[in-house]
Amino acid sequence: MKRIKTLIVSFSLLISPAFAQNIKVAVAANLQSVIKALRQDFKQKTGITIESILGASGNLTTQVKNGAPFDVFLSADMTFPENLFKDGFSKKKPVVYAQGSLVICSSQDIGFENWERVMLTGRIRKIAIANPAIAPYGKAAGEVLKKKGVWDDIQNKIVMGESISQVNTYITTGVADVGFTTQALVKDPNNKTKLYWELLDPKSYAPIEQGMVLLKHGESNADALKFYEYILSTRAKTIFKEYGYHVE
Amino acid sequence: MDLNPIWLTLKLAGITTVILLATGLPVAWWLSKGRSIFKVIIEAIITMPLVLPPSVLGFYLLLAFSPQHGVGKWLQQTFDVQFVFSFQGLVLASVIYSMPFMMGPIKAALQQLPVSLSQASYSLGKTKWQTFIHVLLPNIKPSLLTAIVLTFAHTLGEFGVVLMIGGNIPNVTRVASIAVYDSVEQMDYSTANTYSLILFAITFIMVVSVFVFNKYRLKSPLE
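Going line by line, the protein sequences match chains A and C.
Each residue of the first sequence is one higher than the one before, starting from 1 at the first, in our numbering.
Each residue of the second sequence is one higher than the one before, starting from 1 at the first, in our numbering.
Note that these hints are calculated values from the structure, not bench results.
Worth double-checking, as some hints may not be accurate.
Stated by the list, open to error - Part of the chain C face toward chain A, derived, beta carbon under 7 Å: (1) 2; (2) 62; (3) 66; (4) 68; (5) 167; (6) 183; (7) 186.
To be verified - No more than 30 Å apart at the CA atoms, straight line, and that leaves these computed lysine-lysine pairs for DSSO-like: (8) 11(C) - 192(A); (9) 215(C) - 194(A); (10) 241(A) - 148(A); (11) 65(A) - 86(A); (12) 36(A) - 65(A); (13) 187(A) - 73(C); (14) 157(A) - 11(C).
Please read all numbers here as calculations on a predicted model, not as lab measurements.
A virtual CB, placed ideally from N, CA and C, is assigned to each residue, including glycine.
So that you can see chain C by itself, here it is in the shape it has in the complex (with noise of 0.2 Å):
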């Protein structure tokens, strides 16, 4: 049994997370303050992963790393990285579709927030910064924690992308869910049932620890 398309799942998961979370954080906050038309367009920009097909992002993607023209050109020509067919292209395909599910929820969270909370913070002289990180954050946390898991969780479920960029090269590309793809198609309903299995558990246990962590809260992951 070929355990990596697992191992390089949550690889793909865990980098996707990891990235997500440095930027998404100051975005979100950003987002969180204030309005103005600019601002929607880049909210509605990151959460349209959410409602648009895989299809869609995989085609684009495709289009756009294509070592023939354009930007895939120039990054090849310039620093000699490709990112069809590899697993840094994956990480950006990843990042970009799973987007949503760590915005969102910090996004909201940060909304909700007393705008007093702050306030009470500079008038102690604390700076921008150092409220976000040590006031807002902390005050955050089951929000965080949703997005992070939702992110996560997300990302080990990506299927439609990878397989219009990835194109199915072991240890690189053959992601968990590819592989059960292709066992089905060879007919190794055995492999497939096995993946699966791990796939199903391991998400399984994610959302129900979700769950139990914000039941205090009354909340539910979704909002």
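In isolation and in its complexed conformation, chain A is listed as follows (with noise of 0.2 Å):
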């Protein structure tokens, strides 16, 4: 028994090294396919190795107050970094990298040009949206859908991801016949489904500011304060220009 412990304490101490090198970042769900190519460039361009942890913004917010080790936070909006500066989670003031575009999606070809009096048609019978409680995706479809005037007749039609990744897994898979999602699932090499999709307005919804804040637990760390920084990098504009983002 003795023995199995030494050799358990010895190889942690082994790799723990290895461990303590990597920053650990919490990604809002919207980004996993642009989180793949940040990585990419940034470890290329400094020999970093990047950790991302993708959730719904309020889970990680929840995660990081309850003691997740986490160094940077990528949120789907600027509510829950602020919220976490205000308890404390960041001594830096939350900034905002990106604003997200909003588009209508689907697996098939459903005539985009009038949407809003598609989906009241039978052909329609699921419409997929992240909770709107939760992401902020969802809260923009919702204000898109009261403004075109549909919201309430379509009520019985709308299923809820509980981020917009699984909005992604019900557009791609087709059990929603259609669905609203970031311009950033369409933009994924990645992806392997045809899909047909239209830019929705950016005035009919209220701009998708995703916010960061560098967490306590990566205050101290050099590398996480260099990633903080490379976010904000003209490099790193680019590519989230690439996947639909806006940046300024």
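Two chains, two frames, a set of hints: combine them into the complex.
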């Protein structure tokens, strides 16, 4: 027994420095494709490996508050980062790193010229949106649908994904006939499903300002700080643009 | 306080238990008699949900239910039913997911009954079915109760599959476990706490009553 314990301890000592070098970044689900490109580019530039943990922004915030060892948090909105800053989980004020664009998207060509009318027909049975209470893209989708005046009429067709990535699953597997998601999905080179989509007028929803905070766990880590600055760099901005985000 | 998720969960668990009891009894009986490679395979399939991650089941159900192709398309075109994001879909998923909890205890109990019991019944002129209903079933009451309660309780605790194929629709697929997850995500801890406490209380009472009922027979309900 003792020998096993010694073995475990020495083994963990052996591997722990390798883990310590990695920076852990909590990443909002809508960034699932762009973060891969960012990670790769950052590694190429600096040699530093990023470990990204994907999830709904609300979930990740809860995890940070309960001691998750994340260094940087890329949220889908500003509310969650500000909340973390206010509660003392970050010393740096949150900053906007990108603005998201909402698209309407389907695995079939449903006729996007007048989608709001198509939605009312029997052809569309299920409409996927992210949960508006927790996901900024879901909230934006709700605003668009209300503005188009169809929100109340399609209530019985709406299915909610717990994050935008679940909405993407619903769209690409075809279980939902149509869905509202991030433009990053249709720009994702890894997506194998043929998708039909249309960009929604950015004026029809409040801007999806995505915020970033440097968390307490990462503030004394030089590599984490490097990544934080990299996300705001022109190089990262070009990648964000390629995936359909607006950057200033 | 919206108690609908609790009612929906109880409804789902109730319907699932009734369906599994009706289908599980004859299958468990069939499985308990004799041995063949075919029976072993069927039994293995029935037991699989016990060890498979719920996400595996959820993933396959999502593909199977998709109205774009395969079974889902056929169901939608022929019967106009859609299993994904619907209550009947959850029922089907729960039936698959909780099946081992119904079959396991019943089959084990039937196997432990002495063969002489049914032989005596046959020699007195009773048919197979009469023997099953009037002789075998009354002798496995504790295991039957265990199976029913565990099936019900296990369905109450279903989460992963529902998260994948449910779509979080109020009064249709937003069951209590999803409502807890949802409230935690919204940082509404008091609502999460209420749902959790109710679920905790219901399952605790159920499991305790099985233990008490079976105590005299010196049997653990997990046997």
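How the hints compare with the structure:
Restraint check, residue 2(C) versus chain A: the minimum CB separation of about 13 Å is more than 7 Å; hint violated. With a cut of 7 Å, the hint placing residue 62(C) at the interface with chain A holds, because the nearest CB-to-CB distance is about 6 Å. Interface restraint check: residue 66(C) against chain A, minimum CB-CB distance 5 Å, threshold 7 Å, status holds. With 7 Å as the threshold, the beta carbon of residue 68(C) comes within range of chain A, its nearest partner Cβ sitting at about 3 Å, so the hint holds.
A least Cβ separation of about 3 Å between residue 167(C) and chain A falls short of the 7 Å threshold, and the interface hint therefore holds. Because the smallest distance between the Cβ of residue 183(C) and any Cβ of chain A comes to about 10 Å, over 7 Å, the interface hint for this residue is violated. Proximity of residue 186(C) to chain A holds as hinted, the smallest CB-CB distance being about 5 Å (cut-off 7 Å). Restraint check for residue 11(C) and residue 192(A): the C-alpha separation of about 39 Å exceeds 30 Å, so the hint is violated.
A hinted pair counts as satisfied when its Cα atoms are at most 30 Å apart, and residue 215(C) with residue 194(A) does not qualify at roughly 60 Å. With a CA separation close to 28 Å, the supplied pair residue 241(A) and residue 148(A) stays within the 30 Å bound. Restraint check: the Cα-Cα separation between residue 65(A) and residue 86(A) comes to about 12 Å, which is no more than 30 Å; the hinted pair holds. About 26 Å separates the Cα atoms of residue 36(A) and residue 65(A), which keeps this hinted pair within 30 Å; it holds.
At roughly 28 Å between alpha-carbon atoms, residue 187(A) and residue 73(C) fall within 30 Å of each other, so this suggested pair holds. For the suggested pair residue 157(A) and residue 11(C), the alpha carbons sit about 22 Å apart, so the restraint of at most 30 Å is met.
Of the numbered hints given earlier, the model fails hints 1, 6, 8, 9; all others are met.
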